[in-house]
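If you read the sequences in order, they're chains A and B.
Per my numbering, the first sequence starts with residue 1, numbered consecutively.
Per my numbering, the second sequence starts with residue 1, numbered consecutively.
Label pairs and their computed distance ranges (CB to CB):
#, chain 1, residue 1, chain 2, residue 2, range
1, B, Glu194, A, Glu171, 38 to 44 Å
2, B, Ser147, A, Ile72, 54 to 60 Å
3, B, Thr239, A, Pro201, 45 to 51 Å
4, A, Val3, B, Ser147, 45 to 51 Å
5, B, Glu223, A, Thr9, 52 to 58 Å
6, B, Glu223, A, Arg18, 54 to 60 Å
7, B, Asp131, A, Leu200, 26 to 32 Å
Keep in mind the hints are simulated off the structure, nothing from the lab.
All C-beta atoms in this analysis are idealised placements derived from N, C-alpha and C, irrespective of residue type, glycine included.
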Amino acid sequence: MPVLDQNGTQVWRRRTGRESLQRWFGWLLGVAVFVYCWQIISASTTWFFVWDAPRIANDIWTRATPPRWEYITQLGRPIWDTLNIATLGTLISLCLAVPVAFLAARNTTPSALFIRPIALLIIVSTRSINSLIWALLLIAIIGPGVFAGVVAIAIRSIGFCAKLLYEAIEEIDQTQVEAITATGASRWQVMAYGIVPQILPAFAGIAVFRWDINIRESTVLGLVGAGGIGLQLSASLNVLAWPQVSLILIVILVAVVISEWVSAKVRGAII
Amino acid sequence: MLQLKKLTKTYKTGDQALKAIDLEVPKGQVLALIGPSGAGKSTMIRCINRLVEPSSGEVLLDGVDLARLGSGALRKARREMGMIFQEYALVERLTVMENVLSGRLGFVGFWRSFLRKYPQSDVDEAFRLLDRVGLLHMADKRADELSGGQRQRVGICRALIQNPKLLLVDEPTASLDPKTSRQIMRLITELCRERGLAAIINIHDVALAQMFVPRVVGLRFGEIVFDGPPNGLTPEKLTEIYGEEDWEATIEKVDDSDDIEAAE
Numbered sequence: 001m002p003v004l005d006q007n008g009t010q011v012w013r014r015r016t017g018r019e020s021l022q023r024w025f026g027w028l029l030g031v032a033v034f035v036y037c038w039q040i041i042s043a044s045t046t047w048f049f050v051w052d053a054p055r056i057a058n059d060i061w062t063r064a065t066p067p068r069w070e071y072i073t074q075l076g077r078p079i080w081d082t083l084n085i086a087t088l089g090t091l092i093s094l095c096l097a098v099p100v101a102f103l104a105a106r107n108t109t110p111s112a113l114f115i116r117p118i119a120l121l122i123i124v125s126t127r128s129i130n131s132l133i134w135a136l137l138l139i140a141i142i143g144p145g146v147f148a149g150v151v152a153i154a155i156r157s158i159g160f161c162a163k164l165l166y167e168a169i170e171e172i173d174q175t176q177v178e179a180i181t182a183t184g185a186s187r188w189q190v191m192a193y194g195i196v197p198q199i200l201p202a203f204a205g206i207a208v209f210r211w212d213i214n215i216r217e218s219t220v221l222g223l224v225g226a227g228g229i230g231l232q233l234s235a236s237l238n239v240l241a242w243p244q245v246s247l248i249l250i251v252i253l254v255a256v257v258i259s260e261w262v263s264a265k266v267r268g269a270i271i
Numbered sequence: 001m002l003q004l005k006k007l008t009k010t011y012k013t014g015d016q017a018l019k020a021i022d023l024e025v026p027k028g029q030v031l032a033l034i035g036p037s038g039a040g041k042s043t044m045i046r047c048i049n050r051l052v053e054p055s056s057g058e059v060l061l062d063g064v065d066l067a068r069l070g071s072g073a074l075r076k077a078r079r080e081m082g083m084i085f086q087e088y089a090l091v092e093r094l095t096v097m098e099n100v101l102s103g104r105l106g107f108v109g110f111w112r113s114f115l116r117k118y119p120q121s122d123v124d125e126a127f128r129l130l131d132r133v134g135l136l137h138m139a140d141k142r143a144d145e146l147s148g149g150q151r152q153r154v155g156i157c158r159a160l161i162q163n164p165k166l167l168l169v170d171e172p173t174a175s176l177d178p179k180t181s182r183q184i185m186r187l188i189t190e191l192c193r194e195r196g197l198a199a200i201i202n203i204h205d206v207a208l209a210q211m212f213v214p215r216v217v218g219l220r221f222g223e224i225v226f227d228g229p230p231n232g233l234t235p236e237k238l239t240e241i242y243g244e245e246d247w248e249a250t251i252e253k254v255d256d257s258d259d260i261e262a263a264e
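One chain only, chain A, in its complex shape:
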């Protein structure tokens, strides 16, 4: 009872005394658990390495600077591959995600009982596995190279794009669909006139958003041998060529910033 009666005036409090006490004990318990966990972590940490970290970091920093600028001539091709992996992968995934989204959306699925669960399973399974793991699997199946990277990115993106798209489909204004149906339009015409115009802005937004994410994801795919700039990164790391590593990191950073700028521009233009 947050309202108390004191000498005839009604005093309002956020919580009763009992509730405040419970909350206080809750916080106490939380702090106790935190302290206990801290001790366990501390006991299993080799503190020597931690105290040593600033010195090592400084050591790597001095080795890595200045970046080996002339190495940039060898990075043009890999960064181009990375961009292609991201772009092609996104395009392929969009082609596959659109039908999956229509099958998964409650208002467009042909059968909510049989087909919708399958579509949702595709979405969940492709989404839950990281593209690096997909790449590892695909390299084993189709061999190392750019193609494995493209397929890995494509598969990983299906679930993401299809999920966002089917949510957009479920949120459309149903009366517009009704109006088109009432004219005697066929199922496909209803889709083209009643549904597609309504989800087009969402679709464009999802496409550039995923492309932007995929550029970042495809930079690391080379670490497992799926092509792109990650290949150079792992090669340079293996031979401890720190000035090359720092240059690669700068190139990746620039590529990501540019892609983010492009996708922000495109989304701004649509909305």
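With chain A's structure known, arrange chain B on it following the hints.
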């Protein structure tokens, strides 16, 4: 022309929206359907073109039972019935012209409609209709740029370009101001007269219905409790349809003379 026989709709929740409705609409008659919210007005209209599936009964359009048609035949039958909606239900991101032409979807194939390659006769008719409702200059605007009254006019064009026998009109004025409401009602009734169209107009503005239509049907809890000319709507009848209320002000003869400039 249109005949409903024992039309019944029971929703999955068990609500009986329509209880064995019998109704006949002759060719060219405009009819207003009044009744409180939840009386089944919208359900009845939607059962006729089967946006809502009727539970039992017959919907006879020129002798054909629409309730039993397969999906292909139903599409053909829907072309005969134009529908106008409360919130206009235009496809907001398409142009006025595309919205009007979408009324022809039942007549053109998928690829033609997808590529917007409508027959010239359809395009001519679209321009003629837009001119008739005074929106010719808006043909290239996107639907979401129009005002409420303008959108409803586009909705009317979309229904009429189907060249239907029957108009199903669901609360055409509920989202419009009083003056625009009258203009839209006048436009609909005029167009019906010009083309000899029958129409069922759901409306909850009783005065507006009395002003424009020759026949009023009152619905209450899914049953017809009144069917007759507008001046037959006495306070007792309105009480039967809507429940107890002072009805004298509502059925007072509305003076229409201040509205003449709006008629053009």
